[in-house]
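With full-length UniProt numbering applied, the sequence shown corresponds to residues 1 to 170, in that order.
One or more of the hints may lead you astray.
Simulated restraints on C-beta separations [as the list claims (entries may be wrong)]:
1) V103 - G12: 14 to 22 angstroms
2) A125 - I7: 22 to 30 angstroms
3) D70 - F110: 55 to 63 angstroms
Here are the simulated SDA-like pairs of lysine to any residue, each with C-alpha atoms no more than 20 angstroms apart in a straight line [claimed, not checked]:
4) K159 - F26
5) K45 - R57
6) K88 - W72
7) K13 - L3
8) K159 - V109
9) K159 - R48
10) K88 - F26
11) K66 - I50
12) K45 - W72
13) K130 - L99
14) K88 - L143
15) K130 - I11
16) K130 - K159
17) K88 - Y157
18) K64 - S74
19) K13 - L100
20) K88 - Q154
21) K88 - M136
22) K159 - D70
23) K159 - I39
24) K13 - R83
25) K88 - M139
26) K45 - I33
27) K13 - M139
28) K88 - F147
29) K130 - I39
30) K130 - G112
31) K13 - G127
Simulated from the structure, these hints should not be mistaken for laboratory data.
Here the structure is a predicted model, which is why all the values come from computation and not from measurement.
We put the beta carbon where it would ideally sit given N, CA and C, even for glycine.
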Amino acid sequence: MELIYTILEFIGKGGWVLWWIGLVLFLMWTFLIERYWYIYGQYPKEARSIIARWNAREDQTSWKAKQIRDAWISAAREALNQRMLLIKTLIAICPLLGLLGTVTGMIDVFDGMSGQGSGSARQMAGGIFKATIPTMAGMVAALSGIFFSSRLEQTTYVKTHQLADNLSHH
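Input sequences plus hints: build the corresponding full structure.
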């Protein structure tokens, strides 16, 4: 329960943009987890099925067989890379939302200063602190996504090439 209060306090200090960053982060991680689940849970079964179908073929050397092999590899690559563009887009949105939070926070600081005259240094520092929280949150969210999406891309590349190697054409 204390964790929830800490998170809500953090969001209160950072402003409404943190809710949007949290939503984007939730979606990004949902898709990342789904991709990992597919790659390590579902894809091995599909790859074994493709390899079994290929090995069951009598003709593995003709032009038609090569086209079938290439189509199966391409379909597997598409299945492995599904939603990667969406994940990359969500990663790119995170720092932009952080920047939006910084801009709106600074607008609040300058609005407060104009309403009260010159404003105190303490008030200005508090406003700048509030303005930098969304930037930090957006960057941390993006960095976590970049690391794991890069690992996913590397894994899909390796898995695709392993499948191609297993579908040898004599």
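### Query
Quick check: which numbered hints come out false for this structure?
4, 6, 8, 16, 24, 29
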